[in-house]
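These protein sequences, in sequence, are chains A and B. Residues 569 to 947 (the working numbering) are what the first sequence spells out, left to right. Residues 569 to 947 (the working numbering) are what the second sequence spells out, left to right.
Each hint can be trusted.
The list treats identical chains as interchangeable, and a pair is accepted whether it falls inside one copy or across any two copies.
Listed below are the simulated DSBU-like cross-link pairs for lysine-lysine, each with C-alpha atoms no more than 35 Å apart in a straight line:
1. Lys879 <-> Lys654
2. Lys826 <-> Lys753
3. Lys879 <-> Lys610
4. Lys824 <-> Lys783
5. Lys879 <-> Lys695
6. Lys879 <-> Lys705
7. Lys610 <-> Lys654
8. Lys679 <-> Lys879
9. Lys753 <-> Lys879
10. Lys676 <-> Lys695
11. Lys746 <-> Lys705
12. Lys824 <-> Lys610
Calculated directly from the structure, the hints in this document are not laboratory data.
Protein chains: 2
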Amino acid sequence: MSLNFQLHNTTAPGGRRATLTLPHGPVETPVFMPVGTAATVKAVPQDVMERIGQNGTGARIILANTYHLYLRPGHELIREMGGVHKFMSWDRPMLTDSGGFQVFSLSKLRKISPEGVEFRSHLDGSKHFFSPEHSMKVQIALGADIMMVFDECVEHPATYERTRESLGLTHAWAARSKAYFDEHKHEVPWHEERGGQHQNLFGIVQGGMYADLRKESAERLVEMDFPGYAIGGLAVGEPREVTREMIARTLEWLPKDKPRYVMGVGYPDEIEEYARMGVDMMDCVLPTRAGRHGLVFTRNEDGAIERLNIKRTENARDPRPIDANCTCMVCARYTRAYLRHLFTSGEALSATLLSIHNLAFYLDTMTRVRADLAASPAV
Amino acid sequence: MSLNFQLHNTTAPGGRRATLTLPHGPVETPVFMPVGTAATVKAVPQDVMERIGQNGTGARIILANTYHLYLRPGHELIREMGGVHKFMSWDRPMLTDSGGFQVFSLSKLRKISPEGVEFRSHLDGSKHFFSPEHSMKVQIALGADIMMVFDECVEHPATYERTRESLGLTHAWAARSKAYFDEHKHEVPWHEERGGQHQNLFGIVQGGMYADLRKESAERLVEMDFPGYAIGGLAVGEPREVTREMIARTLEWLPKDKPRYVMGVGYPDEIEEYARMGVDMMDCVLPTRAGRHGLVFTRNEDGAIERLNIKRTENARDPRPIDANCTCMVCARYTRAYLRHLFTSGEALSATLLSIHNLAFYLDTMTRVRADLAASPAV
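Next comes chain A alone, as it looks inside the complex:
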């Protein structure tokens, strides 16, 4: 058994408390997954990631990006080092994306064919080719607990016709991803040492901002029978009501007994909202990226989320922590005045501390949501 999804409680609005057990351990859901792009959650040491958040249990699952690790240091190097867990010294669950999103957003001179995508590296212009099979090969070498099918990411906005056409490719690529994975899943670096367990390949529902295409995509993927399903192609610039609507309309068609993952969202209030709707997993670069830019999240006395720009002059002599109600190691120790000084002086410690606070804020938000869900009347 390489994945177990144990539902504990489901509420009337659809939110669920569950335990997702993966080869590298259990994950309490709904969960927010910090992004460790190049096998590092930017500026935050692994031992901090292990104890971040109010209960001190840290992040239970993190992401790494296949595109970045494929280009540097290379998936074969990581395979030789025993897989990405050993490479970065992170012994808890991990998830890799397919590389598709970055191929479509970061790389240059893409040429798409039914076979796959030819592209040039954003680092050095070198030429590469990603097919569903190649993405699987790379992700198996990396060895995350969960890997994702390779799909086409449609630009936003896209017409109904364009989106529908793209779905054909996306579904064909999902089937090819699964076929390759099923044949090669025993090649994961830790296959033997983890008692013959293997990774888990999740499908990705696309369909742009069109509810009927979302339904069609969900049905096609469910037919292929994945152990979990992602909802992709959202938070690409559409209004938030549309994101919410697409999530709600897609969740209807996904099996209730399998984990459901919305990729790349979002603000803290969004992850809370989607978790209460029945989304089990989410990831976003926002807490770390915002931290590097001096933006931190706080909660006011009414519990509403606010954003604080640390570099503002009004923080220069402010002896308060970022958030008086936050129990994170940054709020326990440092003043706004000091954090502003670090940021305006360009000191490296600024990114570290502000990222830690934001990550703790996200993890604490999900801890609270899980407690609420567990205490809500079940249906």
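Start from chain A and add chain B according to the hints.
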């Protein structure tokens, strides 16, 4: 009593084990003091600084730079925040330099007069004036346990005549520094809360590479009766034999019952050597600066110090830690392969981890030297 220097053991070559007790606590000497330029040891969080090194007791004293903090965020702001200890959340001893070294090395368009130095900020070109009195005022606002007299830093190489002439200014400025300090030392932000204790002003022996001028400078400063003495103006490009010779020839003229501090040195083998000669305190940016540039220190099987350039290709697949004999948190967890990946990918975590290793290497070196000195026959 704001400073107590308790000698435990002095060996034949002059090395001493002592405990230096300051308003913010005790420091076992000989000690290496990490540099926290802008009230942050670059890229290393304070809680790590508190437990770095093999015995887990961390750095016992760190430096901050008066020039940098004066320009940004400003000494009056730091005074309002309770002094630099509270500002950066560091409750152990600290030392500030006078600002002189940076005024002479970093700033533009310096104009030196007997009164002081006019200069332009390296940050924004704004005009400033530092006199001995102003340096004292700034350092009292910062409130480090030890502060330094304001002196002229002669360029290297300098002629005998030029060096001798400069000594006149340096000694006059030392006397003015002391006079201002004695009159204003009760103004330190923590004066009352620390039971009426105050900071300690150290003198600085100059004299370039001329032993007789070093002697003259030492004698003049000893007449002024400081609680500790620094040897400045070394490690400015001269051969290492000259540095050693100047230190040895200066130590002869400094009182044995007071702490002796060599500023701005050096490589790990240098700090070890000078400690065994009788230097009690040293500081250097090297462990953190080298770390940021991918250079780490290791010890080979014979105990000799070697340097490892982490970015070299040969480290790409190396599963070993930086130093198999090092007990630091980086060597306990991360491979050379991973650290090289972080460095070549420009990841912020690289500077943090490599700096932590180098700082631990320096602190461990001094822990070993202190144990050796304690076990050596006394004279």
